[in-house]
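Given the structure of chain L, go ahead and fit chain C onto it with the hints provided.
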Amino acid sequence: MRNILLPTDGSTPALVATMKAVEMAKARDATLIILKVEEQAPLVEIERTAEASALMRPEVQDGISYAQELAAMEKVTTKVVRKIGPVVGEIIRTAEEEGSELIVLGTSSLRGLNRLYLGSVAKAVVSQAPTSVVVIKPTPEEIKRALSLVKEVIEETPAKAVRSITRTKVFRVGVYLFVAYAIGYAIFILTGSYDKQLFGSALWGMNVGTVAGILLILITIGLAIGFNWYAGRSKEAT
Amino acid sequence: MAEIQPLSLAIFIAITVLTLAISIYASRRVRTAGHYYVAGGGVRWFVNGFAIAGDYLSAASFLGITGLVAFAGYDGFIYAIGFLAGWIVALFLVAEPLRAIGKYTFADALTSKFKSRKIRLAAAISTLVVSVFYLIPQMVGAGSIVGPLLGLDYEVGVVVIGLLVVVIVATAGMVSTTWVQFIKGFMLLIAVIALTVGVLIAAGMGPFEFIGNIIGSTLHLPSGKVVSGDTFMSPGMKYTNPLDFVSLALALILGTAALPHILIRYFTVPKPADARKSTVVAIVVMGIFYMLILFLGLGAIYFFNQGVPGVINPTDANLTAPLLADYIGGDVFYAIISSIAFATILGTVSGLIMASAGAIAHDIYAEVLGRKSDEKRALLISKGTAIGVGLIAIVLGILSKGQNVAFLVGLAFAIAASANLPALLCTLFWKRTSEKGIVYGILAGLISSILLIVISPTMMGHDAIFSLNNPGIVSIPLGFAVTMGVSLLETRSAENSKAEKAAG
Numbered sequence: 001m002r003n004i005l006l007p008t009d010g011s012t013p014a015l016v017a018t019m020k021a022v023e024m025a026k027a028r029d030a031t032l033i034i035l036k037v038e039e040q041a042p043l044v045e046i047e048r049t050a051e052a053s054a055l056m057r058p059e060v061q062d063g064i065s066y067a068q069e070l071a072a073m074e075k076v077t078t079k080v081v082r083k084i085g086p087v088v089g090e091i092i093r094t095a096e097e098e099g100s101e102l103i104v105l106g107t108s109s110l111r112g113l114n115r116l117y118l119g120s121v122a123k124a125v126v127s128q129a130p131t132s133v134v135v136i137k138p139t140p141e142e143i144k145r146a147l148s149l150v151k152e153v154i155e156e157t158p159a160k161a162v163r164s165i166t167r168t169k170v171f172r173v174g175v176y177l178f179v180a181y182a183i184g185y186a187i188f189i190l191t192g193s194y195d196k197q198l199f200g201s202a203l204w205g206m207n208v209g210t211v212a213g214i215l216l217i218l219i220t221i222g223l224a225i226g227f228n229w230y231a232g233r234s235k236e237a238t
Numbered sequence: 001m002a003e004i005q006p007l008s009l010a011i012f013i014a015i016t017v018l019t020l021a022i023s024i025y026a027s028r029r030v031r032t033a034g035h036y037y038v039a040g041g042g043v044r045w046f047v048n049g050f051a052i053a054g055d056y057l058s059a060a061s062f063l064g065i066t067g068l069v070a071f072a073g074y075d076g077f078i079y080a081i082g083f084l085a086g087w088i089v090a091l092f093l094v095a096e097p098l099r100a101i102g103k104y105t106f107a108d109a110l111t112s113k114f115k116s117r118k119i120r121l122a123a124a125i126s127t128l129v130v131s132v133f134y135l136i137p138q139m140v141g142a143g144s145i146v147g148p149l150l151g152l153d154y155e156v157g158v159v160v161i162g163l164l165v166v167v168i169v170a171t172a173g174m175v176s177t178t179w180v181q182f183i184k185g186f187m188l189l190i191a192v193i194a195l196t197v198g199v200l201i202a203a204g205m206g207p208f209e210f211i212g213n214i215i216g217s218t219l220h221l222p223s224g225k226v227v228s229g230d231t232f233m234s235p236g237m238k239y240t241n242p243l244d245f246v247s248l249a250l251a252l253i254l255g256t257a258a259l260p261h262i263l264i265r266y267f268t269v270p271k272p273a274d275a276r277k278s279t280v281v282a283i284v285v286m287g288i289f290y291m292l293i294l295f296l297g298l299g300a301i302y303f304f305n306q307g308v309p310g311v312i313n314p315t316d317a318n319l320t321a322p323l324l325a326d327y328i329g330g331d332v333f334y335a336i337i338s339s340i341a342f343a344t345i346l347g348t349v350s351g352l353i354m355a356s357a358g359a360i361a362h363d364i365y366a367e368v369l370g371r372k373s374d375e376k377r378a379l380l381i382s383k384g385t386a387i388g389v390g391l392i393a394i395v396l397g398i399l400s401k402g403q404n405v406a407f408l409v410g411l412a413f414a415i416a417a418s419a420n421l422p423a424l425l426c427t428l429f430w431k432r433t434s435e436k437g438i439v440y441g442i443l444a445g446l447i448s449s450i451l452l453i454v455i456s457p458t459m460m461g462h463d464a465i466f467s468l469n470n471p472g473i474v475s476i477p478l479g480f481a482v483t484m485g486v487s488l489l490e491t492r493s494a495e496n497s498k499a500e501k502a503a504g
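Sequence lines, in order, name chains L and C.
Quick note on our numbering: the first sequence kicks off at 1 and runs consecutively.
Quick note on our numbering: the second sequence kicks off at 1 and runs consecutively.
With the rest of the complex left out, here is chain L (with noise of 0.2 Å):
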């Protein structure tokens, strides 16, 4: 399977990578793996920021789920890859894992110390890499259109989210079961109400009434702690 890979950070620079790498992925239907490695020495917050806003990062952006929308909207199919540790060594390591003919990824043009530290990146992986790399250097017209795209994208993310939920198994099975406890109460409340005499009539040495009460207090706990379970249950599953 000819496959190329594409480590992404969110960074713009990694933005416009996912652009070129999507196109190349395309012409050559190929599949697009999507890359992301998390450094396994935890950021400081302050670095964190600090690098985030070196880096020229839209906020709340992973550069996973923008390179699979872009690759959706294009047909070109992805593979998602996590991985923790060293960001050069883990890029090699997984294409030579996955046998890719290309890694393509971005480079800032970033200054001084900034340059030193996070431009180094790109320079490794050429020069360790087992196959060939197209190191992207963005231009601002490029820029501009990454993150055009990438508001286009976002801006559609409630209605997105919310169907990602509402589309899965667990939902669906929510809503099942929220409809039968609703004709359940209903039964309960309508019964209570136009037959007296039956909610009067004795019942375990309580009254019918008093025992459904307490039976739907006891339901409703354990439909709430059942669904949990299965839900959790699910999710790992996935």
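Please note that the accuracy of each hint is not assured.
Unchecked claim - Cβ pair distances, simulated, as ranges: (1) C:E209 / L:I84: 56 to 62 Å; (2) C:N241 / L:V80: 58 to 64 Å; (3) C:I465 / L:R167: 54 to 60 Å; (4) L:Q197 / C:F429: 35 to 41 Å; (5) L:E38 / C:L9: 39 to 45 Å.
Unchecked claim - In silico lysine-lysine, DSS-like type, Cα no more than 25 Å apart, as pairs: (6) L:K196 / C:K225; (7) L:K83 / C:K225; (8) L:K36 / C:K271; (9) C:K271 / L:K79; (10) C:K238 / L:K196; (11) C:K431 / C:K115; (12) L:K169 / C:K431.
Unchecked claim - Simulated coverage check for chain C against chain L, where a stretch passes if three residues somewhere in it have a Cβ under 8 Å from a Cβ of chain L: (13) 69 to 82; (14) 271 to 279.
Bear in mind the hints are in silico, worked out from the structure with no lab data behind them.
Don't be surprised by glycine CBs; every beta carbon is placed ideally from N, CA and C.
Just chain C now, with coordinates in the frame of chain L:
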């Protein structure tokens, strides 16, 4: 009991100081509006679950339902069942999708689909109305409990609570509110368990035997009436008209998932799955609570019939729980239960004021009027608003002296279910919903439910034009009908004009 009791006062002060200390500690971490409104979205689901329970088990649940069960038997118990049932709607339909689209307020969620100022304004207004209707019973509860506890007059009690809440909310917003609610939810659960065990031990019976005993005996009610226990524990003590009963039940199950101060709790957790998990925690806590509240109410009427003096105050049903605690565990228990009830009110009122402040400062000022300002200024405006709403709550609390708090809350539920729920469910699940549909739906639900309350027996007594106490059965379907009807009309006319253009 109009004199100050040193022990009660000490426990009361301890709880208040603890609450304020948490607020001030938490306030040091509040720097942005996001932090203020929704605690930065970083609350753990377990904490949030207890906080939801804390928010929800307000004066109405603890003081109001205990009183209603003691005075009206089964018809009081139906409140407990309905309050809990509402959470099934929240769990299965609302929690996760809402967390996925919302940010600070209920209006944020509604405007995620259409960037509409009109929707935001309508949602903000309905948030305010529901919050105020919910605030009144809390303040009434505050006044009636602080009076006997501290030897203060009702009015002074309302003012004291109001000012304390304003301080809490103005210092730290949602962070402190969350922690206050968490601790309170915990204490309330333990207190109710202890009180139930105490009732059963004092009565010398097992739980089922106890209920069976009540049903089998003849009861003297606080009103002076004598009924059989069987009648007491069957529907019809309070709601003689079956339709009234159905209307209340409908408002209770559909109102919960539309209460603005509950909805904002979902924005405080990091992920949609956390919203679900905290709902489950809340349901378990509240399920236990509502089950036991039955024993508290029945305990009060049981001991009342045993000839125990002072276990029920015939003129104020809201005092049933504290009075029962006094009989079961003496002064100490009385003071603890009253202080917890007090903390309950404190927490719930803070939550409501947060929701109202969000509606005014975030929705109306910043978004509708377009006064986008820097974080610092936004924070200042929110806090100023919180103080303003707090003062209004004090005035309304004083004006509403003597009403049963659970009953008043039932009305707030009806308004929320009529105005907010149709808009929320349609935004989440119905593709054809239009901007106009949401706006008209909110207004129709809001206006019809309030109008029906005004012409109901609650406000007009025997001359009432509308015969039901709770407007839910008319106003909730109306809210849905208007939201969907207007949406359909609009999309149809849009299609027609498209077709005309195509034809022309």
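For which of the previously enumerated hints does the structure constitute a violation, in increasing order of number?
Hints 3, 5 and 7 contradicted; others consistent.
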